[in-house]
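These protein sequence lines map, in sequence, to chains A and B.
Per my numbering, the first sequence starts with residue 50, numbered consecutively.
Per my numbering, the second sequence starts with residue 81, numbered consecutively.
Treat the hints as calculated values from the structure; they're not laboratory data.
One should not assume that every hint holds.
[Said to hold, decoys possible] Not close to chain B: a few residues of chain A, all C-beta gaps over 12 Å, as computed: (1) 50; (2) 54; (3) 58; (4) 59; (5) 61; (6) 68; (7) 79; (8) 110; (9) 130; (10) 132; (11) 135; (12) 139; (13) 188; (14) 233; (15) 248.
[Claimed, not checked] Listed next, with one range per pair, are the computed distances between beta-carbon atoms: (16) B/107 / A/125: 47 to 57 Å; (17) A/226 / B/303: 24 to 34 Å; (18) B/234 / A/159: 18 to 28 Å; (19) B/253 / A/72: 47 to 57 Å; (20) B/306 / A/226: 24 to 34 Å; (21) A/125 / B/94: 36 to 46 Å; (22) B/174 / A/255: 19 to 29 Å; (23) A/256 / B/114: 40 to 50 Å; (24) B/162 / A/255: 38 to 48 Å; (25) A/62 / B/257: 52 to 62 Å; (26) B/299 / A/176: 42 to 52 Å; (27) B/319 / A/101: 21 to 31 Å; (28) A/172 / B/330: 36 to 46 Å.
[As the list claims (entries may be wrong)] Partner residues are not named here, just some residues of chain B that face chain A (Cβ under 10 Å, in silico): (29) 100; (30) 103; (31) 125; (32) 197; (33) 321.
All values derive from a computational prediction rather than experimental measurement.
Yeah, the Cβ is synthetic: ideal placement off N, Cα and C, and Gly gets one too.
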Amino acid sequence: MDVIIENLPQYWDGFLRTLFLSLVSGIIALIFGTVLAAARVSPVAALRGFSMVYVEIVRNTPLTIAFFFAAVVLPRLGVTFQQFEVAAIIALSAYTAAFIAEAVRSGVNSVPVGQAEAARSIGMKFSQVLSLIILPQALRTVIPPLINILIALVKNSSVAGAFYVLELFGQGKQLANANGDAVMWVLVGVAFFYLLITIPLGYLASVVERKVAIAR
Amino acid sequence: MSSVLYDVPGPKARRVSLIGSIIGVIVIGGLLVLAVMTLAQQGIFDPKRWAVFQLPEVWALIAAGIGATLAAAAVAAVIAFPLGLLLCLLRISDNAWVRVPTRVVLEFLRGMPVVLMMLFVLLVFATSSFVAVVAGLVLYNSAIFAEIIRAGVQSLPKGQREAGLAIGLTSFQSRLTIELPQAIRRMLPSLVAQLVVLLKDTSLGYIVAYGELLRAVQVMADFLGPQYLFPVFFVAAAIYIAIDLAVSRLAIWLERRGSKRAAGGVAHVPVAGIPAAK
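Required output: the full structure, derived from the provided sequences and hints.
Rendered as structure tokens:
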């Protein structure tokens, strides 16, 4: 127990870095994922094809491979960055965007057909139909799955700890090495800080889900 | 192909879209060419670098990596499924003393990164890295399996359980003989999709030094020299993705087949608290 209290500054530092990684990657992934979903339903065949191929490949790529690519292979190819956080954000947002795109697309499919027909019949263009009518409704119904994807993102950010980023998991690994006699408590502390993020988010998802279920 | 989202494109729209597509293809193609040129400048396409694949040892290492990946995934899946079934039964038990603690355990397991569980087992119980990887995967995925099956049970019409109880089955008998078989069948696509996640997560074994495919790549690059990192990584990543794609296809095929055959079709229940895919 004492190990956790003694090393609280390291935990806190790692916790903040985990939050930072998740937040930045989450925002990038939300934007990129929504764009991918829009491309997937667009009239332009090339956009549809690109979105489909991207989502299909990235969804089936193990996260560790994405990280390995961003942190080890990219620098060899001339893409250098000062901090490994950048690599982590690239890997996490590129990976998460594919899942967000799938979720948003299923949301688009769940909007009743009449909505789009009505919008078109009053003369809206595709971009207007999508941005004014379909996406606002689609995003509302996919909020619970989106939160779940963000929870997965928080947990996935732990992989960054193995690629030179001292976030929660990375700090935990260091502390575990430094305190060989109290490894268990060190890791329990790490778990506690992860649960501090994931359990409230999970609760939020189930509350929103109930609300949305009533609204529809 | 037409969609409800837009009118059937007329000649002008088709022309614009064609021009846009061509520009897009050129841009993406240009980026690819740029990447390939950068790579070529560094001599990545030097045949000598790819000559490593003539060495039987390299293929042996890759094969060993694939074997280790598949072994961990198979063992974990075989243990996690029955355990998930058991956890599901406990989770929907009529007895609150069983139900509530199980729920807490499941929330706990689902809220933690898999790699943390692997590291925990590795360091605290001082096991081999294989056991750590399998244990981490089993702990996490059995919790997910339990939630998926629970969602399946809850998606069944109420009458199923009521009828079971009415003909004199005990609660447990009704669960086992009436509800679970239907629930599992309905949730088969989700279960297989979770298997894909499990298979992907074996790559986390890299972090706890389990000799799976990615670790084999690292070992080869360390052994042969860093200039071989790219070719070996490229081949290994392609193999990994190909395996995962194949299992994903299986899930999609099962879903299509299921919606034709299973009574009442395959359920599309949004599972509370579960990432639809990881």
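Status of the hints after comparison with the structure:
1. 50: Per Cβ check, residue 50 of chain A is outside 12 Å of chain B; nearest 15 Å; holds.
2. 54: 20 Å, holds
3. 58: 20 Å, holds
4. 59: 16 Å, holds
5. 61: Correct as stated: the minimum Cβ-Cβ distance to chain B is 18 Å, above 12 Å.
6. 68: It holds; residue 68 of chain A is separated from chain B by about 14 Å at its closest Cβ, greater than 12 Å.
7. 79: 15 Å, holds
8. 110: Violated, because the least Cβ-Cβ distance between residue 110 of chain A and chain B comes to about 5 Å, which does not exceed 12 Å.
9. 130: Correct as stated: the minimum Cβ-Cβ distance to chain B is 16 Å, above 12 Å.
10. 132: It holds; residue 132 of chain A is separated from chain B by about 20 Å at its closest Cβ, greater than 12 Å.
11. 135: 18 Å, holds
12. 139: 15 Å, holds
13. 188: For residue 188 of chain A, whose nearest Cβ neighbour in chain B is about 15 Å away, the distance exceeds 12 Å, so it holds.
14. 233: Incorrect as stated: the minimum Cβ-Cβ distance to chain B is 5 Å, not above 12 Å.
15. 248: 5 Å, violated
16. B/107 / A/125: 47 to 57 Å: 24 Å, violated
17. A/226 / B/303: 24 to 34 Å: 25 Å, holds
18. B/234 / A/159: 18 to 28 Å: Hint holds: Cβ distance 20 Å, inside 18 to 28 Å.
19. B/253 / A/72: 47 to 57 Å: For residue 72 of chain A against residue 253 of chain B, whose Cβ atoms are near 49 Å apart, the range 47 to 57 Å holds.
20. B/306 / A/226: 24 to 34 Å: 26 Å, holds
21. A/125 / B/94: 36 to 46 Å: 43 Å, holds
22. B/174 / A/255: 19 to 29 Å: For residue 174 of chain B and residue 255 of chain A the Cβ distance comes to about 22 Å; the hint holds.
23. A/256 / B/114: 40 to 50 Å: 47 Å, holds
24. B/162 / A/255: 38 to 48 Å: The hinted range 38 to 48 Å is violated for residue 162 of chain B and residue 255 of chain A, with Cβ atoms some 27 Å apart.
25. A/62 / B/257: 52 to 62 Å: With Cβ atoms ~54 Å apart, the hint holds.
26. B/299 / A/176: 42 to 52 Å: This hint holds: roughly 51 Å between Cβ atoms.
27. B/319 / A/101: 21 to 31 Å: Cβ of residue 319 of chain B to Cβ of residue 101 of chain A: about 22 Å, so the range 21 to 31 Å holds.
28. A/172 / B/330: 36 to 46 Å: 45 Å, holds
29. 100: 6 Å, holds
30. 103: Given a least distance of 9 Å, the restraint on residue 103 of chain B holds.
31. 125: 13 Å, violated
32. 197: With a closest approach of 9 Å, the residue 197 of chain B hint holds.
33. 321: 5 Å, holds
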